[in-house]
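So the protein sequences, as listed, match chains A and B.
Heads up, the first sequence is in the numbering used here, so the first residue is 1 and it goes up one at a time.
Heads up, the second sequence is in the numbering used here, so the first residue is 115 and it goes up one at a time.
Source of the hints: derived by calculation from the structure; they are not laboratory data.
Do not take every clue at face value.
[Said to hold, decoys possible] Taking lysine to aspartate or glutamate and the EDC-like style, the derived pairs with C-alpha atoms no more than 20 Å apart in a straight line are: (1) K71/A <-> D56/A; (2) K140/B <-> E59/A; (3) K212/B <-> E52/A; (4) K212/B <-> E79/A; (5) K212/B <-> E59/A; (6) K183/B <-> E52/A.
[To be verified] Simulated restraints, written as ranges between beta carbons of each label pair: (7) S208/B <-> M27/A: 19 to 25 Å; (8) E79/A <-> S126/B: 39 to 45 Å; (9) K57/A <-> R164/B: 37 to 43 Å; (10) A225/B <-> R110/A: 27 to 33 Å.
No residue lacks a Cβ here, since even glycine has one placed at the ideal position from N, Cα and C.
One letter stands for each residue in the lines below.
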Amino acid sequence: NAGVTQTPKFQVLKTGQSMTLQCAQDMNHNSMYWYRQDPGMGLRLIYYSASEGTTDKGEVPNGYNVSRLNKREFSLRLESAAPSQTSVYFCASRGSGTGVETQYFGPGTRLLVL
Amino acid sequence: SQQGEEDPQALSIQEGENATMNCSYKTSINNLQWYRQNSGRGLVHLILIRSNEREKHSGRLRVTLDTSKKSSSLLITASRAADTASYFCATGSSGTYKYIFGTGTRLKVLA
């Protein structure tokens, strides 16, 4: 049981390049989330998926797109990377139902945009 | 904008002392959670308190919630060097799958 996995762990991009961050969970969770964390700040929600087949914008969605490929996988795409997107990106998942509010986080992807 | 604001931003204590950190939020919530983040790692869930609860314990952790003041506190008793980490509160509201995180408190426990 690996929990939440993210790939890659590190990435360096040039301005204007595109890339996709991958996230997968093996806990049969319905909800999945993408956050970014900037130095000295908490996590800000980029996009989330309440269930397979649905996605919704979070607090800072501009410059990103997401795909909920199936129940296990939720990817985050940067179409044209900008230096302002340099950050650490965390994926999380959560089960469903009352009393299942805990989010489980992946180890993060560190992205540097030059 | 951030829902949760935490204070202090940083806290340094000696091993064995208690550590208290606070979280304030702006809107009505269904539950409030505390997470720990070790340097360079993902967040780990510590404890959840619901809006109809006032206090909750888990091991050396004690969480209080005052919905009238829109604030919560996390107390870590008898701290250890291994408690050195950043601590974040996160609020969840009814009818939404979204969670809003605070800015975090960086705790350093000196051996």
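Check the structure against each numbered hint from earlier and tell me which ones fail, lowest number first.
4, 6 and 9
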